[in-house]
Amino acid sequence: EAQVTQNPRYLITVTGKKLTVTCSQNMNHEYMSWYRQDPGLGLRQIYYSMNVEVTDKGDVPEGYKVSRKEKRNFPLILESPSPNQTSLYFCASSPDQGQGTPGYGYTFGSGTRLTVV
Amino acid sequence: AQSVTQPDIHITVSEGASLELRCNYSYGATPYLFWYVQSPGQGLQLLLKYFSGDTLVQGIKGFEAEFKRSQSSFNLRKPSVHWSDAAEYFCAVASISGGYQKVTFGIGTKLQVIP
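These protein sequence lines are chains A and B, in that order. If you read the first sequence in the working numbering, its first letter stands for residue 1, the second for the next number, and so on. If you read the second sequence in the working numbering, its first letter stands for residue 1, the second for the next number, and so on.
Chain B with its partners taken away, still in its complex shape (with noise of 0.2 Å):
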């Protein structure tokens, strides 16, 4: 079964610092993964997704992710981060499983961003 393990559950960084919001994913395959920001009272959206290529992806919002299949981890990194990147993260993994996609999400890093 396919699992994702986001083990920092709150992280706090100095506006203008740099960013990095870790994640590890159990799957056999070559997962899909994804990682989605939840601002207050919004829902989900889409930062980013890899499946395949260049393992570094560029995201909206600045973002980026490297996808490292030695450590099965695709950490989230931002170079500078801004008051409005305070937020709720998750990572996801998704695969076809019995002929439905089957998307596993992380339990959430909530970021605090502090002047």
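Looking at chain A on its own, in the form it has when it is part of the complex (with noise of 0.2 Å):
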């Protein structure tokens, strides 16, 4: 089945106990992108990547690192969290759209909660 996997699902830790969100797809997709969704503010972007080694901010990128190490995976890292970064967090992949064609869509995990106390 064509998946975007995320872990886990649900997450409490402490402020500034490092952690790591695993995001992995098994669609060969070459564009992913880590998302956060806040109640009253929808979906912001913290990190994309267009491909292996390639990865630029989104539009929340403090505190959070990423990684692209393999096509498939794309961990998310809070080397420090706060409890600001309480959230829920979406993974999504989606196709090759570095050649001006984002009309295919993403495909997303079904979600982190995380909780910083």
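Honestly, the hints are just simulated from the structure, not real lab data. These numbers were taken from a predicted model, which means no experiment stands behind them. Note that CB positions come from ideal geometry on N, CA and C, so glycine has one too. A few of these clues could be false.
Unchecked claim - Heads up, simulated DSSO-like pairs for lysine-lysine below, C-alpha to C-alpha not over 27 Å straight-line:
id	chain 1	residue 1	chain 2	residue 2
1	A	Lys17	A	Lys65
2	A	Lys57	B	Lys61
3	B	Lys102	A	Lys71
Unchecked claim - Label-pair restraints from in silico Cβ distances:
id	chain 1	residue 1	chain 2	residue 2	range
4	A	Thr20	B	Gly41	37 to 47 Å
5	A	Lys17	B	Gln71	44 to 54 Å
6	A	Asn7	B	Pro115	30 to 40 Å
Assemble the dimeric complex from its two separately framed chains, guided by the hints.
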């Protein structure tokens, strides 16, 4: 089954304790992205990756890191989480969009609900 | 800069009634437009999309949407709502800017279906 898999689904952590949320897709998609979803704000893009070793900041990158060492994996790293990073996080992937064709849409993971206390 | 407005944060309809969810976008050229649905506890699922061609597009689960350039709108419709349609619906606009795709989502419309 074509899918984007995120882990964990739920995570409670303490301020300052480094964590990683994993994301993996099995569709050979070039493009991957992380979003956070907050009430009243919709989805905001954190980081995206056009391909292996190619990543760039989205609209709200502060406090986050990403890496793209393999095509299928795109982990989100919070090196020193803070309470304002409590949110619902989504990973999404899409076929190659690098040549001006963003018309495919995204496949989303099921989400990771993160609470930082 | 592109933007998406979903003016209705919450809508309640009776099961079997028709549904229209509004979406207005702001973008200079012809945009790529999408509707996604998010069921409780789930990720977003693509319902339908539009870029060119017929301005009335059909999607999954019996949904359709109509692109109206003059009104900068891309409203989502369904003739008869089922209880399982209760979810949150997101409109999105995509474009290419500086060589990469930019996707902007609306804040969502939460649909409640009553018996």
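Do the hints match the structure? See the list:
| no. | hint | result |
| --- | --- | --- |
| 1 | A:Lys17 <-> A:Lys65 | holds, 14 Å |
| 2 | A:Lys57 <-> B:Lys61 | violated, 34 Å |
| 3 | B:Lys102 <-> A:Lys71 | holds, 20 Å |
| 4 | A:Thr20 <-> B:Gly41: 37 to 47 Å | violated, 22 Å |
| 5 | A:Lys17 <-> B:Gln71: 44 to 54 Å | holds, 49 Å |
| 6 | A:Asn7 <-> B:Pro115: 30 to 40 Å | holds, 37 Å |
In this structure, the earlier hints numbered 2, 4 are contradicted, and the remaining ones agree with it.
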